[in-house]
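Novice: Below, each chain spelled out in residue letters.
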Amino acid sequence: MKRTLFRASVICMILGSWMISSSTFAQSDPTGKKRITSSFAITNATVFTEPGKAGVKSTILIQDGVIAGVGNNLSIPKEAKLIAGDSLFVYAGFIDGASNTGITKPKDPERSENFVSSDPPDEIAGITPSRSAVDQFAMDSKVEELRKGGFTVLQIVPEGGMIAGKAAIMVLGNETSSNLIMENTALAVSFKGSRGMYPGTAAGVMAKFRDVYKNTELTKINSDKYASVPGVKRPDIDDTFMGMKDVIAGSTPVMFSASSELEIRRALKLQKELGFNLILTDLENYEGVIPEMKAAGVKVLIKAEVPDDKAIKAQKEDVTEDVKAQYIRVKESFDKAIAQAGKLEAAGIQFSFTTVGVKAGDIGKSLKTMIDGGLSETGALAALTTNPAAMMGMSRELGTIEKGKMANLVLTTDTLFKEDTQIKHVIADGYLFDYETKAKKKADEAGKATTGTKVAGNWDYTTESPAGSSGGVITIKKDGNEYSGTITYDDPAGSGKATAPIKDIKLDGSSLSFAFDVNAQGMSIVVEISGTIDGNSMDGTMSIGQFGSFPFEATLIPSITAKL
Amino acid sequence: MKKINYFLAALLGLSFSFASAQTPKGSVLIKNATVLTVTKGTLQNTDVLVQDGIIKKVGTNLSAPSGVETVDATGKYLMPGIIDAHSHVGLDVVNEATSPITSEVQMKDVVNPTEIGIYRALAGGVTISHAMHGSANVIGGQNATLKHRWGTKNPNDIIMMDAPRTIKFALGENPTRVHGRGNGIQPRSRMGVEAVIRNGFNEAIQYQKAWADYNSASAQKGNKATSPRYNERLQTLADILDGKIIIHCHSYRADEIYMLINVARDFNITKLVFQHTNEGFKVAPEIAKYTMGASVFADWWAYKFEVYYSTAFNAAILNANGAITSINSDSAELIRHLYHEAAKTQRYGGMTDDESLAMITINPARQLGISELVGSIEEGKQGDLVIFDSHPLSVYTVPQMTFVDGIKYFDIKEDKNDQRLTVSPTEMVEDVYLRQQTERCMQDTEHLFDMAGNLFNQN
Amino acid sequence: MKRLTKTFFAFLIALVPMMAIAQIDGEFIKPRTGKFLLKNATVVTITKGVLTNTSVLVADGMIMEIEASIAANGAEEIDCTGLFIYPGMIDSGTQLGLAEVSSVAETVDFSEIGNFTPNMQALTAVNPNSEAIPVTRVSGVTTVLTVPSGGLFPGTAALINLNGYTPDQMYAGFKAVVMTFPNSGRRGRYDRRSDDDIKKANEKSLKDANEIWENAIAYNSMKKTGAALEFYPEMDQLAKVISKELPLLVQVDAASDIQNALKWLEEKDVNVILSGVAEGWRVADEIAKSGYPVITGPVQELPTRESDRYDTPYTNAGKMAKAGVKVAIRTDEIENVRNLPFHAAFAAAYGLGKEEAWKAVTINPAEIFGVADKYGSVEKGKVANLIVATGDPFETRAQVMHVFIDGYRIPLSNRHIRFYQEFLERSPGLESK
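Residue numbers (the working numbering), protein chains in the order written: chain B, 135 to 698; chain G, 54 to 512; chain R, 863 to 1295.
Everything labelled a hint here was simulated from the structure, so no lab data went into it. A portion of the hints provided could be inaccurate.
Pairs of lysine-lysine residues, derived as PhoX-like cross-links and limited to a Cα-Cα distance of at most 20 Å, are as follows [stated by the list, open to error]:
(1) B/LYS367 / G/LYS110
(2) B/LYS359 / G/LYS469
(3) B/LYS640 / R/LYS1062
(4) R/LYS1181 / G/LYS469
(5) G/LYS262 / G/LYS277
(6) B/LYS477 / B/LYS458
(7) G/LYS262 / B/LYS458
Among the chain G residues that face chain R by a calculated CB cut under 7 Å, a handful are [as the list claims (entries may be wrong)]:
(8) ILE169
(9) LYS274
(10) TYR311
(11) PRO338
(12) TYR361
(13) ALA396
(14) ASP471
On a predicted model such as this, the values are computed, not experimentally measured, just so you know. Quick reminder that beta carbons are idealized off the backbone N, C-alpha and C, glycines included.
The whole structure should be built from the sequences, with the hints applied where relevant.
Specialist: Spelled out as structure tokens, the structure:
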């Protein structure tokens, strides 16, 4: 009942937004960006309507974001823009089961004067089930990268602590639309503790999760009583309760981030104890728990990534017996890792992919490696289309190329998992996106200039250490050919942030490195940061003397006045 | 319809029965050994038959039923599997050091059965270890008693399901450093430690009352009662007061040991074991009378101020005063030669063979509440056994085979070099660890320490 | 009267570790020198076999006679029937006397600020009154090398006997300049630096070492010609290594680091002692070829790699000895140096063998430190560092009955033993309320 009402409201929303958009866009558009028609006909392409079906030469007709017809002998309206599909192959647009692309982590809320780290308010401790990923999302270049890779629908997950908030389903259509298909589709949960406060470790997180869940159930009982019996004490309703309500009712599933076997088991343990609907995501090492996952009937999202084969390639020939034995074990482990997806398929588990923590450009290669490892092409395609559609409960609108479904398509130059297949067009929400397909030009790659790596500006950074995450702002100014700047960091002497000048700034192509001093109690240590800049983001490591190196990430804060 | 429900119900309860059904149990006949039963004397040239994980017969001239392997132990020594009452091996998280009381945290949630330390302990004859929460908090989390069934990736397979609940308490320098000096929260002094414990128990009593009141009120027709908040932390403290959980308290100074004994008496708690308790010998009569004894180091001292005034004769003095005394490791290194640590009580205090051996078998079993199941070689107990090539208390002894539930998990003749259960697929060059940190009682608390203070500490 | 009192004291001292007896209020037993006759023991000389029913005469701090029968001539007689006499054990690597309570920084003195500080003298920082010293020597460890640690050249180590009230009285005649060879291993579970960072730090360290060494060689040659050089105490000290006045004690553990160290030391004409050498078994042949002696330990330690066999640290010493390396054993301890016999026993049980293990804590370190004329075995003319025990002192069951250091009869008492005496039967005992 709830679902149909919801559906109805969603459809109203879509229709509504269409109506709004068509009236917003008045007849004249001086930018020239407005499309001339919302109807398309892809003629005579090899169409793979669903995983497992052979490609058939057909024509696809799209009108107003919906697939109006698939087949031959369709009557094509005069308004339809024709796309010659003779050399093209068409698949249903890919669906990303869990993505944090385009998501910006919200700022940590200010701690109050009487903040007690052993009993912090939920919001500061990372328990924010009411937050929505929609509020953190913006269609940026990284999202466009994903779309370029064939993804047309994303389930965006919010960033945050152990209970980060609610996911939402977005279509990667035109930037003028809200592109929101559905909200509150899952509750994002992980074993992440918070820095310097309770709960700080996975053990604490598990205990706290049980506490939050059980108290939500109790508050619900008390609320119901308050609503029906006069004279009852008013229950204390807070944000946490409001966010968790639909989870305990079973209508919103919990999407638990669990990359290793042990984490998966821990998530399954909680599910067995508390009884919520469970989706497991971010799976990396999971072969040993396939039977348990199957038995529990949970939905599964695996990382669209395979382990780096650098170590395997670096194995030398002329080595001692000891080292040879090591090599064998590492190779075995590697082979097993890439065969996992195939094993999931063989066990009959309909899994999908997540791109959290994965570079969009590597996805194609990773999938091909999984196929080499035993995953069938049909299984891979299903994981990209029909499986996630089913997981989201949207099989009626997404996942295959059928009349009546959303116009989400991927048009490639050859069959999907072939070596040099490239994506020429992506249609999302009925909007057409064109991409340049190039012949392998090695010279082009080598001659790529490194001019224009944007360094100057304000960078918002975070760094993860065993103590938790930490962050601040780096300000870099360019002075002719020299750079200078400052960095803020969590003051070790107390609360709040300290500022320090940064030194030894070196820029080599897109690699940036610099250092700064932290002073504490009369002593000084040098902190070194180095990383690679890719557009608006920087990825690298922060090294603190002998304490170690920690992952470091920064995003350029968009500013109107930033200059190169 | 009924059938399906039953199946579903079974499915839901599946994980629990999976574990106990799947925990492997074996049979073996060990022949002609010098059997150190610990509780019933030393038997020469004796056989021990284990069937389906239980010691069925201890005697002479036993024969193996069909399908049961025989191990010839002529000239060798057989003793009960060694039990380490204080360990952190096999845990992914040791300290949830963010609050002085974290009784709701469970080590069973974070057990890691693939840690190589478990195998290395087996190679040293240890079949059971008490995987504990660390000593950062006054009242820490609940511990897990583990059986070293090496080779599985399922944590439930190594948790000893029939072991009673235990919880970690800690007194003295560690919690006052982590919370008071490190974080500005009580306790900062030993006075505060007592206050935190008493306050905790009193709050638990109030919590119990609030729920009892609600339960009786809500049973009445037309009542307006609403439930109090659910609080696993206070519920666990209430369980301690109800005698359902054994307290294992990390402590050093005589005065703090005495303090906790008095607190326990005030709240009618008798299930109390003191851990480390380097100055336990100064209050040995009290420990003997009012508690379940002490689990101590063989000879660690002077690494902190509160252990500066220790003695290696601690175990001997406690034992002589009638306290149940065991020797523990609190270290992934020491756990591999607990038989040698126990032997030190012969150098420091002249303990007899049976007294020394009891300290790593039946005594820790009693302190963990599992002495009916393990801790000695007696018919009816679980088949946890170790074979040594010479007397276990000789410094030159070498463990040969270790059995858990009658299954051989370690055999020095068939011991393969690389025992790791998982290997990273991206490992280029294996990590080399120099002088490993072996005391893990303070693991996961590094971030709370004065960064500057640690800067130039090269060790 | 005097003699009676003396034997009474002797009797009490002998009984102290065994059981609690009434204290003699106000009486304090000090280390005493004099003439002692140890009668009718089994003497394990280490170098000249095992002699049964033999007596040993100690006088003027030396072992005067070792014979089947020796006249007393006014010596204090100690009946050693059924007992065993061994040379006092030598621990070739500790921080004994340089720290009192590890967690209290004010009491920790083995590490100084700076990467290049070979001039820091461990000897002068030794606290002769450290509580750990009486705790250690009752186990039969009579002599230790106490070693600074920290930077690239952390200081100069010194060999000390565990008796005396000033460091000079304790000094046993050997010093070495310590070098912490640049290492590529992780310093523990919490060292989470990336592989690249560790490699970079290693390379930088090596670069520093090379620079310093080149300068030291130049400094030394200039000094020899009498050049007027600016005051540079660190270089002065390192010059002593280059001129071979002092050996270089190289702390190195990981296999690849050992190989690097061997290469680095190859063309350098200095006296080298390798120390630590936890992965020495992996490159035992190369070490043997170099001819450098090795001090290894602790034996009761975790394997360096997760993939290592569980008994790797136990078998390390034995494997190196088999390859032809001269091995000495150390505990690398501060307050539990008393466990040296147990470390040696584990090495013995796991491949080194009892005889070699005994040598590893007696004559081998004595030879390595160039003091074999004075220490390391029970031989006439050597310094009287002796243990008298009820059995093999490696065995936990054995009790050490007498200890002699520098010819002083050491009172077998320390705070641990005094606590045993006081608290075995506390008075008042349990007072029920």
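Novice: Now tell me if each hint is right for this structure.
Specialist: Quick rundown of the hints versus the structure:
Proposed proximity of B/LYS367 and G/LYS110 is contradicted: the alpha carbons are some 65 Å apart, above 20 Å. For the given pair, B/LYS359 sits about 64 Å from G/LYS469 by alpha-carbon distance, which is inconsistent with the 20 Å threshold. With a CA separation close to 17 Å, the supplied pair B/LYS640 and R/LYS1062 stays within the 20 Å bound. Annotation: proposed proximity of R/LYS1181 to G/LYS469 holds, straight-line Cα distance about 18 Å (limit 20 Å).
Between G/LYS262 and G/LYS277, the direct Cα distance comes to roughly 18 Å. Compliance with the 20 Å bound is thereby established for this hinted pair. A C-alpha spacing of about 28 Å is found between B/LYS477 and B/LYS458, which places the hinted pair above 20 Å, so the restraint is violated. Between G/LYS262 and B/LYS458, the direct Cα distance comes to roughly 65 Å. Violation of the 20 Å bound is thereby established for this hinted pair. Hint status for G/ILE169 relative to chain R: holds, with the closest Cβ pair at about 5 Å, below 7 Å.
Taking 7 Å as the C-beta cut-off, the interface hint given for G/LYS274 is violated, the closest approach to chain R being about 49 Å. Taken as an interface hint, G/TYR311 does not check out: its beta carbon lies about 12 Å from the nearest beta carbon of chain R, beyond 7 Å. Given hint, G/PRO338 at the interface with chain R, holds; its Cβ is 4 Å from that chain's nearest Cβ, closer than 7 Å. Restraint check, G/TYR361 versus chain R: the minimum CB separation of about 6 Å is within 7 Å; hint holds.
Among the interface hints, the one on G/ALA396 holds; its C-beta lies about 4 Å from the nearest C-beta in chain R, closer than the 7 Å criterion. Taken as an interface hint, G/ASP471 checks out: its beta carbon lies about 4 Å from the nearest beta carbon of chain R, inside 7 Å.
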